[in-house]
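Number of protein chains: 2
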Amino acid sequence: MKINAQRLLENLDRYAQIGKMGETGVERIALSKEDQQARDLLKSQMIEAGLDVHVDRMGNMIGIRKGKQDDKPVAFGSHLDTVYAGGRFDGVLGVLAGLELIQTLNDNQIETDKPLALINFTNEEGVRFAPDMMGSHVYAGMADLAEILKSPAYDNANESVGSCLEAIGYAGEMDPGAIQFDAYYELHIEQGPVLELEQIDIGVVEQVQGIYWTRYTVKGEANHAGTTPVYYRKDAGFTAAKLQQYIGEYCRKKEGSVLTTIGSIKFSPDAINIVPDSAMFTLDVRSTNETLLKKAQLEIDEFITETVEGDGLSFEREEMVRFSPVRFPLVMTDSVQTATKSLRLTYKRMPSGAGHDAQMMAHHCPSTMIFIPSVRGISHNIAEYSHDRDVENGANVLLQAVIGRSGIS
Amino acid sequence: MKINAQRLLENLDRYAQIGKMGETGVERIALSKEDQQARDLLKSQMIEAGLDVHVDRMGNMIGIRKGKQDDKPVAFGSHLDTVYAGGRFDGVLGVLAGLELIQTLNDNQIETDKPLALINFTNEEGVRFAPDMMGSHVYAGMADLAEILKSPAYDNANESVGSCLEAIGYAGEMDPGAIQFDAYYELHIEQGPVLELEQIDIGVVEQVQGIYWTRYTVKGEANHAGTTPVYYRKDAGFTAAKLQQYIGEYCRKKEGSVLTTIGSIKFSPDAINIVPDSAMFTLDVRSTNETLLKKAQLEIDEFITETVEGDGLSFEREEMVRFSPVRFPLVMTDSVQTATKSLRLTYKRMPSGAGHDAQMMAHHCPSTMIFIPSVRGISHNIAEYSHDRDVENGANVLLQAVIGRSGIS
Chain A
254 MKINAQRLLE NLDRYAQIGK MGETGVERIA LSKEDQQARD LLKSQMIEAG
304 LDVHVDRMGN MIGIRKGKQD DKPVAFGSHL DTVYAGGRFD GVLGVLAGLE
354 LIQTLNDNQI ETDKPLALIN FTNEEGVRFA PDMMGSHVYA GMADLAEILK
404 SPAYDNANES VGSCLEAIGY AGEMDPGAIQ FDAYYELHIE QGPVLELEQI
454 DIGVVEQVQG IYWTRYTVKG EANHAGTTPV YYRKDAGFTA AKLQQYIGEY
504 CRKKEGSVLT TIGSIKFSPD AINIVPDSAM FTLDVRSTNE TLLKKAQLEI
554 DEFITETVEG DGLSFEREEM VRFSPVRFPL VMTDSVQTAT KSLRLTYKRM
604 PSGAGHDAQM MAHHCPSTMI FIPSVRGISH NIAEYSHDRD VENGANVLLQ
654 AVIGRSGIS
Chain B
254 MKINAQRLLE NLDRYAQIGK MGETGVERIA LSKEDQQARD LLKSQMIEAG
304 LDVHVDRMGN MIGIRKGKQD DKPVAFGSHL DTVYAGGRFD GVLGVLAGLE
354 LIQTLNDNQI ETDKPLALIN FTNEEGVRFA PDMMGSHVYA GMADLAEILK
404 SPAYDNANES VGSCLEAIGY AGEMDPGAIQ FDAYYELHIE QGPVLELEQI
454 DIGVVEQVQG IYWTRYTVKG EANHAGTTPV YYRKDAGFTA AKLQQYIGEY
504 CRKKEGSVLT TIGSIKFSPD AINIVPDSAM FTLDVRSTNE TLLKKAQLEI
554 DEFITETVEG DGLSFEREEM VRFSPVRFPL VMTDSVQTAT KSLRLTYKRM
604 PSGAGHDAQM MAHHCPSTMI FIPSVRGISH NIAEYSHDRD VENGANVLLQ
654 AVIGRSGIS
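Residue numbers (our numbering), protein chains in the order written: chain A, 254 to 662; chain B, 254 to 662.
Note that these hints are calculated values from the structure, not bench results.
Treat each hint with caution, since some may be false.
Since the list gives no way to pick out one identical chain from another, each pair is judged satisfied if it fits inside one copy or across any two copies.
As the list claims (entries may be wrong) - 30 Å max Cα-Cα, derived DSBU-like pairs, lysine-lysine:
id	residue 1	residue 2
1	547	601
2	547	321
3	601	487
4	506	472
5	507	255
6	255	403
7	286	403
8	319	601
9	296	594
10	286	487
11	487	321
Between the sequences and the hints, there should be enough to build the whole structure, so can you do that?
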């Protein structure tokens, strides 16, 4: 039994029209009108495929397909939301491959032993509302729903997760976590270059990197760029540049065991002829090894403290995210490996560099992920691309892994 | 003969209410409603003081006081506009001390030999429309009026200098430069810490630093912060940090002969979990020595080219401003020195670190400037402050220098 690749690719293209940006990109921010439109389409397709659709108070959508047994469902899915100027595969692939899996079972009139559950998690990307992986975070009982619903939009303090869920009609009634799953599988693009560079079909995801996000604000003094002698300056930008350079070199020395990124920076007052009195920047640190992750954060914090104090300035530090690394159970990764082998595809056991709903769901039930290659590793970008053949392979591995777990008799 | 310090200080306080920000700050952006309000007040005060008011096509305001001789007027003034979140002295001091000078002559019923001219130049700060020192630039014939009038607002491409001059009612009919001046004096706060640190009353300004402004955009590739191995990154932010650090260290090594400042930086896409594909930053280089100024710009450009290419990235470079250093004539600086000595005040012959209208007017007629101390050197900041006594001293030096030049018989 194989999935219908033509149908899956056409469906991916259909969703890519919702929030289409440029020729290939998609911008479908969580809880936006575009998110609503994609959710409405998914809901109608779930119903058409015979699923019983539940929406929880977090806006997570769960479509249940009955099994022969009254057991916990084997779940799979991902998310429909994208980053700003994102691509057409990140998230939506896992949801639509899951839908395709169900349609394939319908085509073949197969009833699995255990029930199945197709999930679309709310706000995985977290670009407008913090934190990211919000829906799975709450579903797995790792965050307080009432708190999360109050989370304001970055760009509009008058909008909250709760008010936006109401506005798009996806503030459901079910308590998050109310349906207990047997397992969770998530098909996703790699979002990195490894599989393509090594010409491997499938990534069997063993673990997800831990992620620490911290915001630093170096505080100096604003002064006129032409009249303030150098020895009198408290240039927050110059001090921040030293920190940026240290942080950039840090991960280059660690040869892949730790990743450090400064993705955002802002000077104040941000004028060409004024020495900046403030330089805010964000730090993203990741590692699959919690010890190395903590050590990196500590060493960077020490360097920042020493450097800023050495320059006679001060700084503020705000911890935004602290996610520990997650290791998926062998029984789950082996099930993906077995499915991949049965399809005569090549595979590599590998970590995930990005955060995913599966790392949250790992706290709820045995979970794992299936990666397919991303062309040039480009993601979170309108140029994100994966070849048709890889999409098809990924969906077939998902199908085999899921029916291997759920049983067909 | 002395100016009326009480009247001058009260008038300064009156203008400080127009665009007042916080307790001590002022935000009166060129060609804004606040600028219009300040101009209207000045116009009425000029008329009340008996001046014949002219407005040129650049919006420069010139109030003429007749002399005994039909000669070229001795001019003085500065500008009423401020930077964003600016102070209550920068610019407006020179204009209001000039008005006070005229009121003092009126009080004493003195007619000078040469006529006098009080000037308010348009858009000295250049924070919303480029270039800065706009009004004097055009008045001195150093820029093309038609081009300048088309200059768009940084924050709104639909607004131009020309349309905003019309909107506030200061698009005059006189051709800029039509009135030829005998000389130009400008009283200004130092905007740096030198006079205060050295406990000196008056700065006799011999020269103005040359200013080079350049905008650089380092171009890399946007990638996911968690999935892109370090060897695969083209991190525009990391490369920019090396450039920032080099530029910051450059002026620290030059021990005051060259100043370099990075006041503005912007990453794109500017997201915590995306390696930036673009890092734009501005460079401000200043020196009183043109050879050192050119050498600094060249060395920095060479370092940028080598570093960016060495990292496998590319960059764009936009020259925004290239002002050569200006040396004021001895006859002018000596006239200020003589006036200062006659008042038994201490003085220091010094350069100006900031750009001023006087450096443009130096191309039109013999010019110079008079500095008074700035508390802690703070300027372009709502905390900008100068003591009452220094304001009074500066205005008296201006008076003595001007009547020395214009003659009273």
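Hints versus structure:
1. In this homomeric assembly, residue 547 and residue 601 come within 30 Å of each other (Cα to Cα) only inside a single copy, at 27 Å, whereas the closest approach across copies is 56 Å.
2. For the homomeric pair residue 547 and residue 321, neither the shortest alpha-carbon distance inside one copy (47 Å) nor that between copies (82 Å) is at most 30 Å.
3. When the C-alpha separation of residue 601 and residue 487 is checked against a cutoff of 30 Å, the pair qualifies only between copies, where the shortest distance is 26 Å, while the shortest distance within a copy is 51 Å.
4. With identical chains, the CA atoms of residue 506 and residue 472 are at most 30 Å apart both within one copy (28 Å) and between copies (23 Å).
5. In this homomeric assembly, residue 507 and residue 255 never come within 30 Å of each other (Cα to Cα): the closest approach is 43 Å inside a single copy and 71 Å across copies.
6. Within a single copy, residue 255 and residue 403 get their C-alpha atoms no closer than 44 Å, and across copies no closer than 64 Å, so neither meets the 30 Å cut-off.
7. For the identical chains of this complex, residue 286 and residue 403 are intra-copy neighbours only, at 20 Å inside a copy versus 39 Å across copies, given an alpha-carbon limit of 30 Å.
8. Taking identical chains as interchangeable, the C-alpha atoms of residue 319 and residue 601 are never at most 30 Å apart, the minima being 33 Å within one chain and 90 Å between chains.
9. Proximity of residue 296 and residue 594 under a CA criterion of 30 Å is satisfied in neither setting, with 33 Å inside one chain copy and 86 Å between copies.
10. When the C-alpha separation of residue 286 and residue 487 is checked against a cutoff of 30 Å, the pair qualifies neither within a copy, at 45 Å, nor between copies, at 34 Å.
11. In this homomeric assembly, residue 487 and residue 321 never come within 30 Å of each other (Cα to Cα): the closest approach is 71 Å inside a single copy and 52 Å across copies.
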